[in-house]
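Peer 1: So the protein sequences, as listed, match chains B and U. Quick note: our numbering has the first sequence finishing at residue 436, numbered continuously throughout. Quick note: our numbering has the second sequence finishing at residue 337, numbered continuously throughout.
One should not assume that every hint holds.
To be verified - Calculated pairs, DMTMM-like style, for lysine to aspartate or glutamate (alpha carbon to alpha carbon, straight line, at most 20 Å):
no.	chain 1	residue 1	chain 2	residue 2
1	B	Lys54	B	Glu34
2	B	Lys250	U	Asp90
3	B	Lys429	U	Asp97
4	B	Lys429	U	Glu188
5	B	Lys348	B	Glu60
6	B	Lys424	U	Glu284
7	B	Lys193	U	Asp97
8	B	Lys193	U	Glu104
No lab work stands behind these hints: they were computed from the structure. Computed from a predicted structure; not experimentally measured.
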Amino acid sequence: MRHLRAASAVTLALSIAVAATGCGGGTTSGGSNESPKTLTYWASNQGPSIEADKKILTPELKKFEKETGIKVKLEVVPWADLLNRILAATTSGQGPDVLNIGNTWSASLQATGALLPWDDKNFEAIGGRDRFVDSAVASAGKEGEPPAAVPLYSLAYALYYNKKMFAEAGVEKPPATWDELVATGKKISKDGKWGLGAEGGNLSNNIHQTFVLGQQHGADFFDKDGKATFTSDGAVAAVKQYIDFMAKDKIIAPGNAEYAQNQSLTDFAKGKTAMVLWQAAASTFAAQGMKPEDWGAAPVPVPSGAPGTGEQVNSMVAGINMAVFKNSKNIDGAKKFVKFMTSDAEQKLLNKTYGSIPPVKAAQADAAFGAPDLKVLRDTLATSAAPLPQVPNESQFETAVGTAVKELWADAAAGRPVTEASVKERLEKAQQTMQQ
Amino acid sequence: MTATVTTDPEVDKSTSRGTSRGTGGARRRLPRIPDRIRQGGLPYLLLLPAVLLELLIHIIPMVIGIVMSFRQLTQFFINNWGAAPWSGLDNYKIAVDIDAPIGEALLHSFFVTCVFTFFSVGLAWLLGTAAAILLQENFRGRGVLRTIFLVPYALPVYAAVITWAFMFQRDNGMINHVLHDQLGITDEPSFWLIGDNSLYTLIIVSVWKGWPFAFLMLMAGLQNIPRELYEAASIDGAGIWQQIRRITLPSLRPVNQVLILVLFLWTFNDFNTPFVLFGKSAPENADLISIHIYQSSFVTWNFGTGSAMSVLLLLFLLIVTAVYLFFTSRGRKGADV
Numbered sequence: 001m002r003h004l005r006a007a008s009a010v011t012l013a014l015s016i017a018v019a020a021t022g023c024g025g026g027t028t029s030g031g032s033n034e035s036p037k038t039l040t041y042w043a044s045n046q047g048p049s050i051e052a053d054k055k056i057l058t059p060e061l062k063k064f065e066k067e068t069g070i071k072v073k074l075e076v077v078p079w080a081d082l083l084n085r086i087l088a089a090t091t092s093g094q095g096p097d098v099l100n101i102g103n104t105w106s107a108s109l110q111a112t113g114a115l116l117p118w119d120d121k122n123f124e125a126i127g128g129r130d131r132f133v134d135s136a137v138a139s140a141g142k143e144g145e146p147p148a149a150v151p152l153y154s155l156a157y158a159l160y161y162n163k164k165m166f167a168e169a170g171v172e173k174p175p176a177t178w179d180e181l182v183a184t185g186k187k188i189s190k191d192g193k194w195g196l197g198a199e200g201g202n203l204s205n206n207i208h209q210t211f212v213l214g215q216q217h218g219a220d221f222f223d224k225d226g227k228a229t230f231t232s233d234g235a236v237a238a239v240k241q242y243i244d245f246m247a248k249d250k251i252i253a254p255g256n257a258e259y260a261q262n263q264s265l266t267d268f269a270k271g272k273t274a275m276v277l278w279q280a281a282a283s284t285f286a287a288q289g290m291k292p293e294d295w296g297a298a299p300v301p302v303p304s305g306a307p308g309t310g311e312q313v314n315s316m317v318a319g320i321n322m323a324v325f326k327n328s329k330n331i332d333g334a335k336k337f338v339k340f341m342t343s344d345a346e347q348k349l350l351n352k353t354y355g356s357i358p359p360v361k362a363a364q365a366d367a368a369f370g371a372p373d374l375k376v377l378r379d380t381l382a383t384s385a386a387p388l389p390q391v392p393n394e395s396q397f398e399t400a401v402g403t404a405v406k407e408l409w410a411d412a413a414a415g416r417p418v419t420e421a422s423v424k425e426r427l428e429k430a431q432q433t434m435q436q
Numbered sequence: 001m002t003a004t005v006t007t008d009p010e011v012d013k014s015t016s017r018g019t020s021r022g023t024g025g026a027r028r029r030l031p032r033i034p035d036r037i038r039q040g041g042l043p044y045l046l047l048l049p050a051v052l053l054e055l056l057i058h059i060i061p062m063v064i065g066i067v068m069s070f071r072q073l074t075q076f077f078i079n080n081w082g083a084a085p086w087s088g089l090d091n092y093k094i095a096v097d098i099d100a101p102i103g104e105a106l107l108h109s110f111f112v113t114c115v116f117t118f119f120s121v122g123l124a125w126l127l128g129t130a131a132a133i134l135l136q137e138n139f140r141g142r143g144v145l146r147t148i149f150l151v152p153y154a155l156p157v158y159a160a161v162i163t164w165a166f167m168f169q170r171d172n173g174m175i176n177h178v179l180h181d182q183l184g185i186t187d188e189p190s191f192w193l194i195g196d197n198s199l200y201t202l203i204i205v206s207v208w209k210g211w212p213f214a215f216l217m218l219m220a221g222l223q224n225i226p227r228e229l230y231e232a233a234s235i236d237g238a239g240i241w242q243q244i245r246r247i248t249l250p251s252l253r254p255v256n257q258v259l260i261l262v263l264f265l266w267t268f269n270d271f272n273t274p275f276v277l278f279g280k281s282a283p284e285n286a287d288l289i290s291i292h293i294y295q296s297s298f299v300t301w302n303f304g305t306g307s308a309m310s311v312l313l314l315l316f317l318l319i320v321t322a323v324y325l326f327f328t329s330r331g332r333k334g335a336d337v
C-alpha cells in the first residue's frame, strides 16, 4: 500500500513537472545548426487561395532544395490565423524556422525578442542592406534598431477607378486632389451607383486610410517617445475627413459601413461603385471577371495634387516581411533561404505572380513592374509612401483606433451626425485604452 | 463422483467445504499485492489516467492562467514568461477601476452580457418548453418535427453562424430582403451587424442555437411524468393550462434546475457566436465579455490584464452557480418534505 501510494505520488509529480515545463514558456537560447537539412516555412496567403500559394511556392522550394540540399516544409497560413499562430509560436518556442509577417507587425514582434535581428552581419549574409528599398527596410522594425525582418513583397495603395462609369458620368481623368475626388464622386453617386467604396468593418483598412490622411494633416498617431497622440487636431480632422465621404459628401454607400470581406471590390467589379482605394487589386478584379481595360489605376489623391513626402504622402508602405525565429535549429539554413527568396530572380518571379512590387532594387527595374497599374504602385513606394508607426503597441493601435473608426462608420450609416466632437470623443476613448 | 455422494453425504459435504476453504486459502495465498490494492489502492490506480488528464487539460492551464493574471505579461515578455515582472494586483486594479476607461468598458461589457444572457436563456427555455409540451401529444409528423427541431443543435457552430452573418448583411442579406423588400416593414434597410440592432442579432442567433438543447432535455424530462397524473387532473376538471402549471412544470423542476444553469454558463461564456458574427471587434451594443477579454489579451497582446479579467469572470460564474444551487436545492428539499 505504501509502495503503491509512493509510486503514484511520484508518477503524479513527474507528470505535473513534465506538463509544467511543457507549458512554461519558450526557450530563450539562441539558434543552432543542429538540423541543417530541414527548414519549416510559414508563408502568408498571397495568392487567390491557400492551394494556389502551395502550387506557386512548391517549385521554388524544390529549386532551393536542389541548390542547397535543404528541404523546406511549407505551410501556408491564412491571414486570419497568422498573427495568433505567431503569438503561440513565440510563447511556446515551438515555431517555424522562417516565416512571413505583415510588415505592420514588425515592431510589435521585434519587441518580443523572438525574431532574429537583421544587423549588418546578418544582412551581409543575404547580400547587404543596400539591395533593398529604404522605405521597405524602414517598415521592418523600430527606427534605430536592427530590423526584425527582411522585406519580401511590397505593396502600396492606389486609386482604382471604373473606366466605363467615369465615361458615363463624363469624368475624363482620375481625381488628383480630395476636392476633385468628392466632386467626381458626387457626379456619379445617384441611381443606386456610388462614387467611392470603403471597408468600414475592416480595422486594418480603417487604420491604413486614416494614417495616410493623418500624414496629410500633419499628424502622427504617436509622438517621438512612442506615446499615443490620437486626439491631435490633425488626427481628428483626418478621421472626420474619411467618415465625411459617407456622412457629409454622401459618395460612399451606407452599406459599406459593415463591409469587412472585400465586398467593396465586388461592388466595384459589378459596376456599383466607381472608385476604391486599395493595394494591388488587379488579381481580385480579374477573379471577379473584370478585364484589364475595364479599370484604371492612379495615385491616391493628395491635397496639392502632386504626391511627395510629408503632407503629400499618399500611401502607407504595405507589404510582407520575412523573419527568422531566433531559436531555429538551422539558423544558417534559414539565412540561406531568406537569401534565396530575396534573390533578384525569385523576387521578379514571385512578385510578378502575386502582383506586388519587389522591395529589391535590382528586381524592381524589371519591365514587368512598369505596367501602368504596377508603375503607380512602384512610384508611390519610391516617392510618397510612409511606414505605419513602428511602435511595439502597433497592434493595440490598430484595434483601438480601427474600432473607433468602425463605430463612427456605424454612426454615419445610421444617419447620426458625425462632428468634430464626436470623432474626438471616440479617439479619446481609444487613446485611454492604450496601456503603455 | 456420484458414488461418493450417495454413499457418504457427510464426507461429500466436508470435502466440498474443504475445497471451498482450499480455494479461499489459495486466493489469499496468491499474490499479496492485489489484496492490498483491493483494500483501497485499485480505485485510485484506475482513476489515475483520468486525474492526470484532468490535471493536464484543465487544472494546470487554469493555474497558469491565474498565475499569469499577477504578472505583467505583454509582448515584451511572451517569449520568456519567467522574465515578466510580478505586478501584484495591478491587473485586477485596472480591470475593476470603473472610473478608468478599461474598467468602464469591462463593466459595460459585463452588463451587455447579462442582458444578452437573460434574454437568450429565457427565450431558449420558453421555446424549448413550449415545443416539448406540444410534441408530447402523439400526432402524424411528430418524428419529423422533432428531427427538424434538433437540426440547429446538430449543425457545426461556425458554419451555422456564418450563414446567419450572410443573412443579416444589410445590402444582400435575406433578412432585409424579406423585411424591407418584400414586406415593406422598414423604410430603410436596417443594419444588423453594426450599430444598435447588433444585440438583437446576437440574441436571435443565440436562441436559435440554444433552444434545441432545452427542447431535448425537457422532452426527456416529460417522459418521466406518469400519464395517470394528467388523467386524474382532467377528471377533476383541470384545463390544459392548469395541467401545465400544476403538473408539468413542477415535475420538470429538477430538469429545469440543471438546464437553466447549463444554458446560463454556456451563454454567458459564448465566444463563437459573437466572434463569427462580428469579428474581433464587436459593436458596442453587442460587446460580450468573452470577446472583450479576447480583445484585451490576444488582440492587444496584454495577457496579464486578459487573465485578470478571465479570473474575475471565473469568480463571478462560480459565485452565481453556488448561489443558484444553494437556493434551488433548498427550495427543492422543502418541496420534497
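Peer 1: Would you mind marking each hint as holding or not holding in the structure?
Peer 2: So, going through the hints one by one against the coordinates:
1. B:Lys54 / B:Glu34: This hinted pair is violated, its Cα atoms lying about 27 Å apart.
2. B:Lys250 / U:Asp90: 46 Å, violated
3. B:Lys429 / U:Asp97: Cα-Cα ~15 Å, so holds.
4. B:Lys429 / U:Glu188: 31 Å, violated
5. B:Lys348 / B:Glu60: 12 Å, holds
6. B:Lys424 / U:Glu284: Given that 20 Å is the threshold and the Cα spacing comes to 17 Å, the pair holds.
7. B:Lys193 / U:Asp97: Answer violated: Lys193 of chain B to Asp97 of chain U is near 48 Å, above 20 Å.
8. B:Lys193 / U:Glu104: Violated - the C-alpha atoms of Glu104 of chain U and Lys193 of chain B are around 42 Å apart, more than 20 Å.
Hint check: violations occur at hints 1, 2, 4, 7 and 8; the rest are consistent with the structure.
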